[in-house]
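These protein sequences, in sequence, are chains A and B. Once you know that position 65 of the first sequence is 87 in this note's numbering, the rest is easy, because the numbers rise by one and skip nothing. Once you know that position 90 of the second sequence is 112 in this note's numbering, the rest is easy, because the numbers rise by one and skip nothing.
Think of the hints as simulated: they come from the structure by calculation, not from any bench. Possibly wrong hints are sitting among the right ones.
Identical chains blur together in the list; that is why a pair holds if it fits in one copy or across any two.
[Unchecked claim] In silico PhoX-like cross-links for lysine-lysine, where the CA-CA straight-line distance does not exceed 25 Å:
1) Lys99 x Lys32
2) Lys99 x Lys26
3) Lys78 x Lys99
4) Lys99 x Lys29
5) Lys99 x Lys46
6) Lys46 x Lys78
7) Lys26 x Lys46
As the structure is a prediction and not an experimental result, all values here were calculated from the model.
There are 2 protein chains.
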Amino acid sequence: MVLKDVKVVKIEDVEPVPVEQGEKTYIRVLFSVSEAPTYSMRIFEMEPGGHIYAHKHPWEHEILVLEGRVRIRVEDKVFDLEPGTAIFIPPNRVHEYWNVGSSRARFVCVIPVRPTA
Amino acid sequence: MVLKDVKVVKIEDVEPVPVEQGEKTYIRVLFSVSEAPTYSMRIFEMEPGGHIYAHKHPWEHEILVLEGRVRIRVEDKVFDLEPGTAIFIPPNRVHEYWNVGSSRARFVCVIPVRPTA
Numbered sequence: 023m024v025l026k027d028v029k030v031v032k033i034e035d036v037e038p039v040p041v042e043q044g045e046k047t048y049i050r051v052l053f054s055v056s057e058a059p060t061y062s063m064r065i066f067e068m069e070p071g072g073h074i075y076a077h078k079h080p081w082e083h084e085i086l087v088l089e090g091r092v093r094i095r096v097e098d099k100v101f102d103l104e105p106g107t108a109i110f111i112p113p114n115r116v117h118e119y120w121n122v123g124s125s126r127a128r129f130v131c132v133i134p135v136r137p138t139a
Numbered sequence: 023m024v025l026k027d028v029k030v031v032k033i034e035d036v037e038p039v040p041v042e043q044g045e046k047t048y049i050r051v052l053f054s055v056s057e058a059p060t061y062s063m064r065i066f067e068m069e070p071g072g073h074i075y076a077h078k079h080p081w082e083h084e085i086l087v088l089e090g091r092v093r094i095r096v097e098d099k100v101f102d103l104e105p106g107t108a109i110f111i112p113p114n115r116v117h118e119y120w121n122v123g124s125s126r127a128r129f130v131c132v133i134p135v136r137p138t139a
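Start from the sequences and build out the full structure, keeping to the hints where you can.
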């Protein structure tokens with residue numbers, strides 16, 4: 023059911039759900055693919071040592087790091103990202119994430135509600 | 023030209039551009055509507071006293087407040103938002119923003135690259 027009205031949501035009020043294809047990593051969905059008309063906004067939280075396993079899918083990511091130190095591999099390239107850094111990951115690229123810091127890492131990740139490519 | 027490869031960008035490395043329909047407010051475009059396939063991610067910065075005038079358009083916003091205190095009016099409703107709070111604003115609603123705090127306010131705002139409604 024696509025949102026027809028304003029929705030206000032605090033990150034802390036959304037229950038964190040463990041990411042199945044990862045370790046020590048949680049997702050909080052702010053605007054879901056079923057309620058958003060075009061793109062869904064989610065918060066990922068990775069404890070120290072957290073890992074999201076390598077995967078790929080036919081849609082892009084636009085990510086902004088909010089806290090901590092996030093290492094992202096996209097195919098054969100590795101990026102170490104700090105708060106205030108954003109990354110665009112094109113569709114159909116193998117990507118993988120690690121928290122390489124000693125504190126919680128947090129990033130906002132936007133995906134389209136329908137496959138892009 | 024839609025992005026075909028990874029793009030990494032730091033907020034601080036993007037030149038802030040004054041928002042024409044506002045005061046004391048700047049935009050930094052991380053992934054533009056011409057380079058992103060589905061949605062564009064932008065950072066807004068409002069100095070104390072900053073204001074974005076009332077306007078509307080046929081696309082939604084998904085916004086996450088990063089810093090400061092942002093007041094948003096959507097039609098006849100007013101929301102005071104703090105860091106870690108997100109808001110979905112549907113297409114075709116009159117909306118208006120103020121920095122109501124004493125420090126810089128900053129939020130990430132995502133829009134679709136094509137009109138939604």
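Next on the checklist: To test your reading of the hints: which numbers does this structure violate?
Outcome noted: Structure breaks hint 7 only.
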